[in-house]
Amino acid sequence: MSLLEVENLTVEFPSRRGTLRAIDGVSFAIDPGEVLGVVGESGAGKSLTGAAIIGLLEPPGRIAGGRVLLAGKRIDDLPPERMRAIRGRQIGAIFQDPLTTLNPLYSIGRQLVETIQTHLGLSDRDARARALQWLEDVGIPAARSRIDAYPHEFSGGMRQRVVIALALCAEPRLVIADEPTTALDVSIQAQIIALLKRVTREHGTAVMLVTHDMGVIAETADRVAVMYAGRIAEIGPVRDVVKTPAHPYSEGLMGSIPSLEHRVERLRQIDGAMPRLTAIPAGCAFNPRCAAVFARCRVERPELLPAGATRAACWLHAGGG
Amino acid sequence: MFAFIIARLFQAVPVLLAVAAISFAMFAYVGDPVTQMLGQDFTEAQRQTLVKTLGLDQPFWVQYSRFVWAALHGEFGLSFRLAKPVGSLILERMPATLELASVAALLALSVGVPMGVYTGLRRNGLLSRVFMVLSLVGVSLPTFLIGILLILVFAVLLGWLPSFGRGTLVQVGGWSTGLLTLSGLKALILPAVTLGMFQMTLIMRLVRAEMLEVLRSDYIKFARARGLSQRAIHFGHALRNTLVPVITVVGLQLGGLLAFSIVTETVFQWPGMGLLLIQSIAVADIPVMSTYLLLISVMFVTINLIVDLLYYAVDPRLRIGRGGGGRH
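Protein chains in written order, with the working numbering: chain D, 149 to 469; chain P, 759 to 1086.
Where hints are given, some of them may not hold.
Claimed, not checked - Straight-line distance between alpha carbons at most 30 Å, and here's what the computed BS3-like set of lysine-lysine pairs gives:
id : chain 1 : residue 1 : chain 2 : residue 2
1  : P       : K979      : D       : K221
2  : P       : K842      : P       : K810
3  : P       : K979      : D       : K345
4  : D       : K345      : D       : K391
5  : D       : K221      : D       : K391
Unchecked claim - Pulled from the structure, derived: some chain P residues nowhere near chain D, Cβ distances all over 10 Å:
id : residue
6  : Q806
7  : L894
8  : I947
9  : A981
Claimed, not checked - With the Cβ distance kept under 10 Å, some of the chain P side facing chain D (calculated, not the full set):
id : residue
10 : R766
11 : R974
12 : Y977
13 : F980
14 : Q988
15 : L1001
Derived by calculation from the structure, the hints in this document are not laboratory data. For every residue, glycine included, the Cβ atom is placed at its ideal position computed from N, Cα and C.
Modelling step: build the complete structure from the supplied sequences, incorporating the hints.
Here you go:
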């Protein structure tokens, strides 16, 4: 059984000028211990999907349809207090900017102990020992002497290590990592990704890795979902999506990655920009930018169709791939 | 920590000397103390003698340093009006003002902070809206009007509380307190509410604005994502982050409460320093005025020092030179 199942998830933002549909019928699943990468441009709905799953949509955003199941149990309609008990304990979260995600007024040890005690009910002593172990585990040098240090006494990379410890310290089965390396120096990014891979593998934690960095996905994920304008354009094993993308949009994304093996004069780019939520075109949302567009794409919206090893929302694969 | 306090005290010295210079100048150049002391009839010889005994023929800096020296020894001269030493005159009145100001501040804090937190958390709740409208009234109505309205309602119409004075006082080691008797406490209510009203609404609006700001921050979002309880998030993480600006304002306001309790003390005939000051101004009793000025500046300096120490306690980022390894 899948650990997380998202079925037909729809997120809306009611506003004065009508309701905006930011996520429109997204479905996917994550198996225990699996790493699912979610890629797409800014505004494609990647982060919102994560926020909807852990029940932290900012009002007025709300889940307008679909279901979210954790280990077979529905969690999107739980009362706030029961959802709170799931956050941190069952589903952890890692945010983008480690400089702002830690409370500046409390030592990192205190923040860890607080989280551990909230979920695991350990004594002060045991919780502190566990906190120390986590700090060592995520590679904080001289953890014993630094456990009582404050966030401002650490660099960005070190702080992101602390954030990872905080997200995992109550042993959740799934962690949603929302752009965990975007705010970091390039030299630090690889270390943080390697760390995330190692600790989640050691603890058997599944990961939903949200990023716009295809390089990170290619290196880390087992499967990848490509999002475009609030929908999944293509989902499948990472190797297949990278090597033989079935959706013209994924193809465009992969074409924009510089390659070391092949000499390319210019990187390909996708012309145009993703449509605003207020002006999503009829049919396939990608059709105005698509090189392979044909009549059907402009009128009828494609669902995810089998396309070789992956599934793609594209009429090119209407014949069954 | 200790070095920090010493440094701050040294910084306070020039401030206090400047204030002393101003209050001394007031002494020496506003009106003519000699004429005032001699009264209506005097001979030129009498005048000369008095000028000499008072040392007014000495150069400015000699007079000023004598003034500072005397002030350091607690000698501030005689009140023109009451012919008593100003030092003891003000000291007598100080407990009344200190009690009034601290009860008002306590009231402002203990009501203002919870109301601010509440309105920050329940932004659109009915009660929040009511609080916000009421706070507008508190911010905009002048103190004397609030005082008079309170007297009208609670002293005149309802007759529950006295409209003036401090009630029965008890002497506790040279400090006359009204906090230990029922009539003293009853007499304190109306002036304290009047004096604290503005601060309370100010604190409430400040805490609310800061809470709204902090609740949007990433670390609050992350605290939610870690599944911490609402209580821990709101009071442990959010409220504490609003404290630095709140402490700043409360500190300044407390100084203001002490210095400007004049209006409230006048309305309620509260026998404190403010009332003494206003009575002294009416007859140009300059020794009292300049001493009051000095005293208030000492209080402001002290309060600022306390505020700095509180920053230090609240925000670890301000603890400069704290040990524990460098940045990586």
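Checked hints:
1. P/K979 with D/K221: 25 Å, holds
2. P/K842 with P/K810: 22 Å, holds
3. P/K979 with D/K345: 24 Å, holds
4. D/K345 with D/K391: 22 Å, holds
5. D/K221 with D/K391: 35 Å, violated
6. Q806: Since the minimum Cβ distance to chain D is about 67 Å, P/Q806 lies beyond 10 Å and the statement holds.
7. L894: 26 Å, holds
8. I947: Its Cβ never comes within 10 Å of chain D, the nearest being 36 Å, so this holds.
9. A981: 7 Å, violated
10. R766: At about 22 Å, which exceeds the 10 Å cut-off, the nearest Cβ of chain D leaves the hint on P/R766 violated.
11. R974: 9 Å, holds
12. Y977: Holds, about 4 Å.
13. F980: Where the cut-off is 10 Å and the nearest Cβ of chain D is about 4 Å from P/F980, the hint holds.
14. Q988: Since chain D brings a Cβ to about 8 Å from P/Q988, closer than 10 Å, the hint holds.
15. L1001: Where the cut-off is 10 Å and the nearest Cβ of chain D is about 9 Å from P/L1001, the hint holds.
The structure shown violates the earlier hints numbered 5, 9 and 10.
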